[in-house]
Amino acid sequence: MLKPKKMNKVLIVGSKDVLESTINTLYDLKIIHIIDYQGSEEGFEIGKPIKKTSLFSEYVLSLRALKDVLNLSDKSADREMKDFEFSKEFKERLDHLENEVMKKRKKLEDIQILLSDIEKIDDVGELKKLGLSEDVNSIMLDLINSKENLIKEKQELEDELKHINEEYRNFIVTAEDFLSREIEKAETPLRLATTENTFVIEGWMPSDNIEHAREELQKSTGDKVHVVELDEVEEGIPTYVETPKPFKPFDTLVDMFSTPNYDEVSPTLLIAFTFPLFYGFMLGDFGYGLSLFGLVQLLRRKMHSTGWQSLLNMMSYASYFTMFFGLFYGEFFGAEIYHTLGIDSVAGIHLPIAHRLDEIVPLLIASVGIGVVHITLGYVIGFINVYRKEGLKHAILEKISWIGILYCIIGFLLFPDYTYPIGGVLVVFAVMMILGEGMIGLLEIFTLISHLVSYTRLLAIGLSSVGIALAINKIAFDLLLPNGIFYAILGVLLLVMGHTLNLALGIIASFLHSLRLQYVEFFTKFYKGGGVKFTPLGIRNEEV
Amino acid sequence: MADLTTGLIALSAALAVGLTGIASAIAERQIGSAAVGAMAEKEELFGKALLLTVIPETIVIFGLAVALILLFVVLPGL
Chain A
163 MLKPKKMNKV LIVGSKDVLE STINTLYDLK IIHIIDYQGS EEGFEIGKPI KKTSLFSEYV
223 LSLRALKDVL NLSDKSADRE MKDFEFSKEF KERLDHLENE VMKKRKKLED IQILLSDIEK
283 IDDVGELKKL GLSEDVNSIM LDLINSKENL IKEKQELEDE LKHINEEYRN FIVTAEDFLS
343 REIEKAETPL RLATTENTFV IEGWMPSDNI EHAREELQKS TGDKVHVVEL DEVEEGIPTY
403 VETPKPFKPF DTLVDMFSTP NYDEVSPTLL IAFTFPLFYG FMLGDFGYGL SLFGLVQLLR
463 RKMHSTGWQS LLNMMSYASY FTMFFGLFYG EFFGAEIYHT LGIDSVAGIH LPIAHRLDEI
523 VPLLIASVGI GVVHITLGYV IGFINVYRKE GLKHAILEKI SWIGILYCII GFLLFPDYTY
583 PIGGVLVVFA VMMILGEGMI GLLEIFTLIS HLVSYTRLLA IGLSSVGIAL AINKIAFDLL
643 LPNGIFYAIL GVLLLVMGHT LNLALGIIAS FLHSLRLQYV EFFTKFYKGG GVKFTPLGIR
703 NEEV
Chain B
51 MADLTTGLIA LSAALAVGLT GIASAIAERQ IGSAAVGAMA EKEELFGKAL LLTVIPETIV
111 IFGLAVALIL LFVVLPGL
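Chains as they are written, first to last, in the numbering used here: chain A, 163 to 706; chain B, 51 to 128.
Among the hints, erroneous ones may be present.
Taking lysine-lysine pairs in the DSS-like style, the calculated list, with each CA pair at most 30 angstroms apart, reads [to be verified]:
hint: 1; chain 1: A; residue 1: K381; chain 2: A; residue 2: K210
hint: 2; chain 1: B; residue 1: K98; chain 2: A; residue 2: K695
hint: 3; chain 1: A; residue 1: K165; chain 2: B; residue 2: K92
hint: 4; chain 1: B; residue 1: K98; chain 2: A; residue 2: K464
Facing chain A, according to a computed beta carbon distance under 10 angstroms, are these residues of chain B, among others [claimed, not checked]:
hint: 5; residue: M89
hint: 6; residue: K98
hint: 7; residue: T103
hint: 8; residue: F112
Covered stretches of chain A (in silico footprint by chain B; criterion: 3 or more residues with CB under 8 angstroms from a CB of chain B, positions within the stretch not fixed) [to be verified]:
hint: 9; segment: 169-175
hint: 10; segment: 520-530
hint: 11; segment: 611-618
Simulated from the structure, these hints should not be mistaken for lab results. Even for Gly, the Cβ is constructed at its ideal location relative to N, Cα and C.
One chain only, chain A, in its complex shape:
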């Protein structure tokens, strides 16, 4: 799960008359990452697209234009529908639809321009004063009088467009999706090497799937295709990490930094835990967590694109942690919950466990403590990566030495009486580190210290948010609400607007700082990245 899947290079060789069915099979299986043929071998040419592409392209262009005009770009297609009659009838239907929609839209735009012009004349008023001739005046008056009719016409056109939208939505989206796929299939030969009668597909396939692919190909082409595995170790092996589905959204965060290399551990699963944890630690307010949860549920219904969905999935995890920490700190929109409700302790635990404004020092220490654990984890993964690539000696010199240095620094802080023994151990680790990374590593010790201090943001970001929330509550409850109806209304307004603003700031700040802790403090300890993402034939860009 943490490790990218093992890949093998494969060659698929066959005779040209089964090229189309080979591509179709591979397209449906979605398991081969094709290496584009550059046209550099003698005797092999780049393949030619399968016919019918140009006609399809034409259809797709009109369908995309329709999608654009009717605002359908975020609707997903109904994949079940597959049989389209690409006959003359289809073309006529499409042309007719396009004409209709474009004509209506043009008309609508014209009316809108006319209406805004009339508006201007209306404002200027008193046309007569301008000294225009009678004829012009009467035309103007007619125009102004026609305003109502125009508005009515506009309404009608909008209704008609809406009607078309509802009736043809499914047809347009599904047809566009289907045709785009067909075009992609038809253009696949452009990425392959071919001779007069044969073709060669070169690509990467997960080792476990090769047997299955071979069987399927032989079935669909009647044994006319040969699949060869190559034992080449090469640069540029694509990375495919099988992340369990609930944690898939966090792949985006890792890929935003850099795609994992083929031979390193993918940090997605760790981030899936630490990112929402840090987020909750920073925002940490039950009321804000609840609002965030509601917001996520609301947006889930409105935003259908893949990017939004994965962002919202992450945020829903984050909202659970925020609510949890809200209970931990005992905060509800900045107010102290337990005190207000009169609950003092549950099951012998004093509540709140740690209020952020009262327990600043313990929480400061806790946040650096979390940092120590997080950074250690980073070095441990680094150890695994280096161990697998360069062996135990390098791994100890480069990573264990750093863990040692980290704990020596902590030792100085915790046991000020034992400076000399700890200093001695530190020198040993520092020498190991210099052997592993060179003299330049000495400068990195300061970076390590600054990274440690950087984890205090876990408390700091939260404190600023609590501070604002508290100020809003104080102004509203103490100054405004008790002073008559007018001030009370003002107070409610301030509460709503103030907390909305603070929530917006909190959501963004916690997100960015939680992410930053992953990228700058965590990833730098082990992550190289720079891999190529496994993008098999059959998965289109927007789905990745």
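Here the structure of chain A is known, so what remains is to put chain B in place on it, guided by the hints.
The following block gives chain B in isolation, referenced to the frame of chain A:
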């Protein structure tokens, strides 16, 4: 009645947050304007640009940590 030491500690805490805040602001101004420039050409960069813009916020967080330690560790220990 607070003595001079308390006053100086409070002032130091204020300076720690205030000056580092200015430093963060200067750094963020430059990154921010570069980020907006980049986004004008390529809108997808929004996420990355936003993240890069908050990187120097570390400076003011260090300042805040120093101020908190001054106020809640050093001051009560006197």
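Structure-based check of all given hints:
1. A:K381 - A:K210: Between A:K381 and A:K210 the Cα gap is close to 25 angstroms, so the pair holds against 30 angstroms.
2. B:K98 - A:K695: The given pair, whose Cα atoms are some 19 angstroms apart, holds under the 30 angstroms limit.
3. A:K165 - B:K92: Outside the cut-off at roughly 33 angstroms; violated.
4. B:K98 - A:K464: holds (24 angstroms)
5. M89: With Cβ-Cβ at 15 angstroms, over 10 angstroms, it is violated.
6. K98: Holds - the Cβ of B:K98 comes within 10 angstroms of chain A, reaching about 7 angstroms at its closest.
7. T103: holds (8 angstroms)
8. F112: Holds: closest Cβ of chain A sits about 6 angstroms from B:F112, inside 10 angstroms.
9. 169-175: violated (count 0)
10. 520-530: As far as the segment 520-530 of chain A goes, the hint holds, because 3 residues have Cβ atoms under 8 angstroms from chain B.
11. 611-618: holds (count 4)
Checked against the numbered hints listed earlier, the structure breaks hints 3, 5 and 9; every other hint is satisfied.
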